[in-house]
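> Take the two lone chains, each set in its own frame, and fit them into one complex as the hints suggest.
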Amino acid sequence: MADDVWILGIHMTKFGKHPDLDPVDLASEAALAALADGGVTMKDMGVLAAGNLMGAAAGIGQQLQKQIGQTGIPVFNVANACATGATALRTVIMAIKAGECDMGLAVGVEKLSGAGMLGVGAPKAAADEWTPGGRYGAVTGLDGRVGTDIMPGVFAQIGMEYGHRYGGTSFELFARIAEKNHAHSTLNPLAAYTKKMTLEQIMGEPMIAYPNTRAMCSANCDGAAAAVLVSDAKLKTLSLEQRRRAVKVVASVLTSDPWEEACQILPNVNTLTRNAATIAYEQAGVGPEDLDLVELHDCFATAELVHYDNLMLCAEGGAVDFFQSGATWRDGSTPVNVSGGLESKGHPIAATGIANVWEVAHHLRGEAGDRQIEGAKVGLAHVIGLGSACGVHILEKSAA
Amino acid sequence: MGTSVPMVEYLELGESPRLVANECTSCGARYFDRRNACANCGGLEFVKAPVATEGEVRAFTIVNWAAPGIPAPYVAAVVDCDGTSVKANVVNTPPDAEHVHLGMKVRLATFPIGTDTVGTEAIGFGFEPVEGE
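From first to last, the protein sequence lines stand for chains A and B. When we follow our numbering, the leftmost residue of the first sequence carries the number 1, and every step to the right adds one. When we follow our numbering, the leftmost residue of the second sequence carries the number 1, and every step to the right adds one.
Treat the hints with care, as some may be off.
Computed Cβ-Cβ distance ranges for the label pairs, DEER-style [stated by the list, open to error]:
hint	chain 1	residue 1	chain 2	residue 2	range
1	B	Gly-28	A	Gly-366	50 to 58 Å
2	B	Ala-97	A	Asp-128	33 to 41 Å
3	A	Ala-36	B	Asp-33	47 to 55 Å
Covered stretches of chain B, going by a simulated chain A footprint (3 or more residues, C-beta under 8 Å) [stated by the list, open to error]:
hint	stretch
4	30-39
5	73-86
6	93-107
7	116-124
Hints in this document: simulated from the structure, not taken from any laboratory. Think of the CB as a built atom: it goes at the ideal place given N, C-alpha and C, for glycine as much as any other residue.
Isolated chain B, as found in the complex (with noise of 0.2 Å):
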């Protein structure tokens, strides 16, 4: 009981949870899928590279046909986290137009997605407004 997993492998979850990248070692590309090579310079080392946990909407949509299963509306976005383009979802705030702007500054945010038959608890990620916003 009590133990936790990511939702994906590039959250870091501890004290202060962050995204880590896939960098490459030789261009500074930055990835969050398994790599098998770099696809901008052909590169085959990567070093772990933590992201800014701050960031601005760069772009967003708010979806309310969603797939089937999937809780709807949402707002999906690209966060630029200081030069490292992230894709998340807008969350800790109305999924509409007049709370979710371009341009908007947000934060890396954490919380349970549900707990499995074992009592494991996976946690997803999002991003929410600073406040202020």
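If we strip away everything but chain A, and leave its shape as in the complex, we get (with noise of 0.2 Å):
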């Protein structure tokens, strides 16, 4: 087994609007005080790993290079739905491991304030006569008349499916879940909302795709977040105060989809958040009863109860017991989302597989502020894309 990756310096934006930003400019930020935090500048860096999911084409990584240092490093700009952050960080943590460098940059950014539903094509236009196309042969656009596209109804039904297997799910239920994260998200100055609502607040929101109301859905919002990762024996090499500060990647994984029966009906977004789970428990050599901090995926408060199940933080089906006792608040047995989620911190696609990542970091350093998680020694971030892709990371306190 190769040697342990560090992340030495890393950055998250503020999550919200920065209208006089553009994704360059928010990438630079990020990028400029994760080296900074690290103490290292671009230099140093033997690669360059980079996204911003809705300028793909546009090739984020160079654009970042120049404007804050064209070294003539190779430069991998990736795009993977809502976990391209994670993949971001972990092409790094693949070329680090695989000794082709000993020091990598990775960065997630995107511009969403104002975009309205995800998940919505282009309405097909109407032909003057019905002329099958596409794989299904279809002769009109089939978003709304096959099931839906849009990602709060998608993500509502991956809920529902829940609960229609094990029972116990409510309009109610899932609310409260979003009633948690929007209470966290107060402590954080980061996020792009930071009201604290009361369940009848978020019942009472418009109804998006039930049982999803507004308050219950990610936030549009735009953001960067960038890590530098550093490979254990250059870390050796560097001051004391840069070892201190450094936390360890014990687990590092991303896993697709396998095939299951529905499938290719609805994402299942569940198999390879469970599969990518037990892989990651493995290389670190801890379990989810050892976790002092999870910051997952919660694009929909639907989303959020199933990962409990998937990444195994409670028994298999017992996600809501497991909620209504408390445990996932900042005080329970296994805080999840103490950043406020993706519902109320907000969710620059991009960005999120590494700003998930910040959040874990910043409490083993200590350096948390008032939503500091006392002791924090080990702590979990996951981002699902559909398509789908799954990234968890374990992160471990610096023992220097």
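Below you can see the structure in the form of structure tokens.
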């Protein structure tokens, strides 16, 4: 097994509306701050992996280099739906583990303020004559006629399916998950929304796709995050201060969805998450009970519930009881989304998979201020992108 | 005049309309799209397999905020048709949580969705509650 890889420097920008900044500005801000946080410069980087899902064809990696340092290193522009940031991170970690370089930079950035509903393609223009086309031989657009393609609706069904299998779910239960995350967000100055919301307010918000109201959906916003990764051997040559603040990546896993009945009807976000978690716990040599905090992909309140189970934070089928026990509140046994989660912190897609790692690293370094989980030593960050891709990273506090 | 086309190729019209899947001859995996190979076993041969026309709602959502041009609210669901999952709308019932529930029994229903300039009618499908539900 190759040596361990460490996070040397990491940063996330304020999430929210940045009307005067473009993706390159936001990526530059995150990258420069991550480099400064690690006490290194672009000249020390041996690889760059970068993602900007909405501008995937533009090559955000090279655009970023042209602002902060054209050093000629290899650039991987990555796109993997909502797992884009985690994929950038994973790419750099693979390069370091492969021994191709000893330091690298991973960046994710998105501009999504006012983007509206995701998952909706342009409606198919009405033809003069019905003409079958596409892989289903369809004569018209199918979204809304044959089920739904909008994300709040897809993830609503994913939560409802869990309820059908195990029972115990309700509109109110899902709303209570959003209530927790909105309460957590009040302590996170970088979150897009930091307002506490009552259960009544959440349930009274406009219904987007039952049972997800607007307050139960991830917030479209602008933001970026970046991380500098370093090999174990290289870290040993750095200063005591750098070693003390370095955070160990004890597991880095990316999976896709294996074929199962129904997986091409409704995306199966469960099995690939469970697979990623299983591999990650084995790599890290820790179990779910060892986690001091978890940042998981609550793109919708209905999604958070199923991932308690998929990440094995609870017994199989036990996610409802687990949540109702209070375990996932910040003072519970397994705090989940103490950042406020995607529902309030926001979800600038390609930034998310690095921003959740930043959140965990922040606590492990003991630098999380008012929302610090005291004594945090081990944490897990999870993202899922439809299609599907799942990234799981487990981080451990430095012993130095 | 009077001719009709299905909204999707996997909807078979006629006396008793039904959905027809592409079934892998080696592992039995079923698909509704045009196939290059089987995602489960890599098999290259498929046969047409009729899907049960009655099933049970395994997951649903009621979409209030739809894409532009899509009438809302509508009920989107996954229907378990005797072991084959089907993506479809639940139709012919009010789109609210009082009338649609997990586990409800439904059956295939077809209906016209529009007529083109040469008079051909396109026929769509959904699943409607079985009486007594």
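> Mind taking a look at whether chain A covers the stretch 93-107 of chain B? Criterion is 3 or more residues with CB to CB distance under 8 Å.
Our answer is that it holds, as 3 residues pass the Cβ test (under 8 Å) against chain A, meeting three.
> At a Cβ distance under 8 Å, does chain A reach at least three residues of the stretch 30-39 of chain B?
Coverage by chain A holds here, the residue count being 6 at a Cβ distance below 8 Å.
> Given the hint of 33 to 41 Å, check if B:Ala-97 and A:Asp-128 actually sit that far apart at their C-beta atoms.
40 Å Cβ-Cβ, so the 33 to 41 Å window holds.
> Does the Cβ distance between A:Ala-36 and B:Asp-33 fall inside 47 to 55 Å?
49 Å, holds
> With respect to the beta-carbon atoms only, verify the hint that B:Gly-28 and A:Gly-366 lie 50 to 58 Å apart.
Cβ of B:Gly-28 to Cβ of A:Gly-366: about 55 Å, so the range 50 to 58 Å holds.
> At a Cβ distance under 8 Å, does chain A reach at least three residues of the stretch 73-86 of chain B?
holds (count 8)
> With a Cβ-Cβ cutoff of 8 Å, does the stretch 116-124 of chain B contain at least three residues near chain A?
n = 6 at 8 Å, threshold three: holds.
The structure is consistent with each of the numbered hints, conforming to all of them.
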